[in-house]
Amino acid sequence: MSVIDIHRAHTLDKEHAREAAETLAKDLSKQFDVNYQWEGDLLRFKRSGVKGQLDIAENDLHIRLELGLMLRPFKSRIEQEIHSQLDQIIKA
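Counting the sequence shown from 1 gives a position; this note's numbering is that position plus 57.
Derived from the structure by calculation, the hints contain no laboratory data.
Check before you lean on any hint, since a few could be wrong.
Here are the simulated DSSO-like cross-link-like pairs (lysine-lysine), alpha carbons at most 27 Å apart as the crow flies [what the hints assert, rightly or not]:
#, residue 1, residue 2
1, LYS83, LYS148
2, LYS83, LYS108
3, LYS103, LYS132
4, LYS132, LYS148
5, LYS83, LYS71
6, LYS71, LYS103
7, LYS103, LYS83
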């Protein structure tokens, strides 16, 4: 199992942080066919070969993905895409 673990500081209030997380989830859903659902301030997502969560804290977003064997070769691409999306939505 290969893991992607990203912490990203932010200065957004809780509502805007949640909107940013929702935007990220929608983009990843379209791009990588990921299903997601909210559980309070925790966003869980899953698809064949990957599962993970995004936790919204007051000053931090924490994303953790567990990639299965078939997605390991795409780890760098997935991680880069998450960073790119975070750059866009947190600055928005």
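Status of each hint after checking the structure:
no.: 1; hint: LYS83 / LYS148; verdict: 17 Å, holds
no.: 2; hint: LYS83 / LYS108; verdict: 15 Å, holds
no.: 3; hint: LYS103 / LYS132; verdict: 15 Å, holds
no.: 4; hint: LYS132 / LYS148; verdict: 24 Å, holds
no.: 5; hint: LYS83 / LYS71; verdict: 18 Å, holds
no.: 6; hint: LYS71 / LYS103; verdict: 24 Å, holds
no.: 7; hint: LYS103 / LYS83; verdict: 13 Å, holds
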